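Whole structure, please, built from the sequences with the hints as guidance.
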Amino acid sequence: SKTVAMVARMSHQKDHVTFLEAAQKIVARLPSTRFILVGDGPCRPMIESKVKELGLTGSVRILGARHDAWEIVQHVDCCVLATHFEGCSNVILEAMAAGKPVVATDVGGNRELIVDGETGFLIPPKNPMVLANMVLEILENPEKANMIGQRAQNRIAQNFTLHETVRKTEALYLKLLQEKGVFTP
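FYI, in our numbering the residues of the sequence shown are 13 to 197.
Derived by calculation from the structure, the hints in this document are not laboratory data.
Incorrect hints may appear among the rest.
[As the list claims (entries may be wrong)] In silico DSS-like cross-links for lysine-lysine, where the CA-CA straight-line distance does not exceed 30 Å:
1) K14 - K64
2) K138 - K14
3) K37 - K138
4) K156 - K14
5) K156 - K37
6) K37 - K64
7) K64 - K138
8) K62 - K138
9) K62 - K14
10) K14 - K37
11) K62 - K37
12) K156 - K138
[Claimed, not checked] Label-pair ranges, simulated between beta-carbon atoms:
13) S44 - I74: 17 to 23 Å
14) I74 - G121: 25 to 31 Å
15) N158 - M58: 34 to 40 Å
16) I84 - M58: 21 to 27 Å
17) G70 - H24: 24 to 30 Å
18) R123 - K156: 19 to 25 Å
19) R41 - Q190: 53 to 59 Å
20) K192 - H96: 37 to 43 Å
21) G129 - C100: 19 to 25 Å
Computed from a predicted model, the values in this text were never measured in an experiment.
Beta carbons are placed, not taken as given, at the ideal position from N, Cα and C, and that holds for glycine.
Dropping the structure here:
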């Protein structure tokens with residue numbers, strides 16, 4: 013069976029409801045699919061109710077806040093972030109670094125991390141049908157999923173390592189100093 017994870021604080025902005033509505037559609041086509049929710053927060057009681065309401069009790073596991081989220085991500089087939097507001101998501105970075113295909117909403121800094129269709133998928137927020145279809149695309153095409161996961165891992169290794177971040181920050185400071193006439197190479 014395949015496993016899909018969402019690692020996120022259980023707050024309204026993370027939109028677990030869209031994730032669960034998509035899960036219901038995925039289970040209708042691939043009944044053995046399992047869904048893992050890692051995280052905790054004020055919306056947990058509502059999310060637990062939604063799992064029951066959608067008939068997903070046997071398919072969804074809520075693990076709560078965990079310190080081993082990175083370990084969990086290593087063992088899933090796909091990671092999802094259904095949020096409708098985001099800065100730069102560490103969850104997406106970690107999933108990509110682990111070589112996992114990611115489906116995330118096209119909000120905030122997600123576009124800076126994911127090259128749509130190449131290193132993951134960007135989808136509109138609050139759209140369970142599109143989310144379900146993208147996840148099914150990954151689950152039903154393991155070769156494509158592996159290729160996307162590999163490209164994601166390469167993208168993180170090339171662009172988001174500590175060394176690369178320091179190099180880019182240094183280059184930005186030098187450029188700004190040159191523009192101000194404070195520094196000439």
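Evaluation of the provided hints:
1. K14 - K64: holds (21 Å)
2. K138 - K14: Since the Cα atoms of K138 and K14 sit roughly 23 Å apart, the hinted pair holds (cutoff 30 Å).
3. K37 - K138: Distance of about 14 Å is within 30 Å: holds.
4. K156 - K14: holds (15 Å)
5. K156 - K37: holds (21 Å)
6. K37 - K64: holds (15 Å)
7. K64 - K138: holds (20 Å)
8. K62 - K138: Holds, because 15 Å separates the two Cα atoms, which is no more than 30 Å.
9. K62 - K14: holds (21 Å)
10. K14 - K37: holds (14 Å)
11. K62 - K37: Given pair K62, K37 holds - Cα atoms ~14 Å apart, limit 30 Å.
12. K156 - K138: Distance ~25 Å between K156 and K138 Cα, so the pair holds.
13. S44 - I74: 17 to 23 Å: 19 Å Cβ-Cβ, so the 17 to 23 Å window holds.
14. I74 - G121: 25 to 31 Å: At roughly 26 Å between Cβ atoms, G121 and I74 fall inside 25 to 31 Å, so the hint holds.
15. N158 - M58: 34 to 40 Å: Cβ of N158 to Cβ of M58: about 35 Å, so the range 34 to 40 Å holds.
16. I84 - M58: 21 to 27 Å: holds (23 Å)
17. G70 - H24: 24 to 30 Å: Holds, at about 26 Å.
18. R123 - K156: 19 to 25 Å: Given range 19 to 25 Å: holds, Cβ gap about 21 Å.
19. R41 - Q190: 53 to 59 Å: holds (56 Å)
20. K192 - H96: 37 to 43 Å: holds (38 Å)
21. G129 - C100: 19 to 25 Å: Since G129 and C100 have Cβ atoms about 21 Å apart, the given range 19 to 25 Å holds.
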